[in-house]
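Visitor: Sequence:
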Amino acid sequence: MATLKDKTIIITGAAMGLGLATAKELAEKGANLTLVDYNEKSLAEAKEEITRQFPGIKLITVVADVSNEDSVKNYVEETVKTFGRIDGLYNNAGIEGKQASMTEYDLNIFKKVIDIKLMGVYYGLRYVLPVMQKQNYGRIVNVASVGGIRGVLNQSPYVATKHAVSGMTKNAALEYGQYGITT
Numbered sequence: 001m002a003t004l005k006d007k008t009i010i011i012t013g014a015a016m017g018l019g020l021a022t023a024k025e026l027a028e029k030g031a032n033l034t035l036v037d038y039n040e041k042s043l044a045e046a047k048e049e050i051t052r053q054f055p056g057i058k059l060i061t062v063v064a065d066v067s068n069e070d071s072v073k074n075y076v077e078e079t080v081k082t083f084g085r086i087d088g089l090y091n092n093a094g095i096e097g098k099q100a101s102m103t104e105y106d107l108n109i110f111k112k113v114i115d116i117k118l119m120g121v122y123y124g125l126r127y128v129l130p131v132m133q134k135q136n137y138g139r140i141v142n143v144a145s146v147g148g149i150r151g152v153l154n155q156s157p158y159v160a161t162k163h164a165v166s167g168m169t170k171n172a173a174l175e176y177g178q179y180g181i182t183t
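Counted the way this note's numbering counts, the sequence shown spans residues 1 to 183.
Fair warning: there could be bad hints in the mix.
Claimed, not checked - Result set (DSS-like, lysine-lysine): computed pairs, CA atoms no more than 27 Å apart in a straight line:
no., residue 1, residue 2
1, Lys47, Lys81
2, Lys73, Lys7
3, Lys112, Lys81
4, Lys98, Lys111
5, Lys47, Lys5
6, Lys41, Lys98
If you are wondering where the hints come from, they were derived from the structure by calculation, not from laboratory data.
Hey, can you work out the whole structure from these sequences and the hints?
Guide: The structure is reproduced here in structure tokens:
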């Protein structure tokens with residue numbers, strides 16, 4: 001089994017679903033983890049579950065709203081302060097929004113989906129990439145979906161964010177590949 005001993009990885013949206021499953025997989029491989037989520041109770045439960053299942057794991061939690069730039073800057077700073085480096089970012093936090101036609105979609109929900117699913121990914125990149133650049137190493141996974149390839153009926157903001165995340169990921173690879181960073 002591959003080891004991630006002494007590698008530090010940030011996971012957003014870590015309290016449930018893909019984020020929690022990824023955290024468990026990385027914990028099993030020995031990674032140091034920063035678990036990030038907006039739901040403090042669910043995040044505490046995820047931490048308890050992972051530390052019980054993987055005794056000795058080095059893990060911190062940071063309650064954060066990924067749509068808030070200062071919140072993202074804080075989880076990056078806390079990770080560096082605790083572990084001294086960032087080797088990986090699993091940019092996963094998101095919401096689905098609701099289903100409605102493009103002309104009927106509630107604008108406030110539309111903006112919220114954009115802020116979390118697009119700006120949250122961008123802020124993560126904005127603050128993690130300089131750390132990785134200094135290290136000449138980093139691995140980033142920005143979670144997209146089939147919605148980043150084709151349309152999904154009545155999911156305009158979701159599809160828009162997934163297309164944007166796919167493009168931004170490709171661009172980050174072009175800009176930062178020379179520093180040993182892959183996306």
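Visitor: If a hint holds in the structure, say so; if it doesn't, say that too.
Guide: Structure-based check of all given hints:
1. For a cut-off of 27 Å, the pair hint linking Lys47 to Lys81 stands: about 19 Å separates their Cα positions.
2. Of the pairs offered as hints, the one joining Lys73 and Lys7 holds, with about 20 Å between alpha carbons and a cut-off of 27 Å not exceeded.
3. Distance check on the hinted pair: Lys112 and Lys81 sit about 30 Å apart at the alpha-carbon level, beyond 27 Å; violated.
4. Restraint check for Lys98 and Lys111: satisfied, since their Cα atoms lie roughly 12 Å apart, inside the 27 Å limit.
5. Our distance criterion of 27 Å between C-alpha atoms is met by Lys47 and Lys5, whose separation comes to about 19 Å.
6. Distance check on the hinted pair: Lys41 and Lys98 sit about 24 Å apart at the alpha-carbon level, within 27 Å; holds.
Checked against the numbered hints listed earlier, the structure breaks hint 3 alone; every other hint is satisfied.
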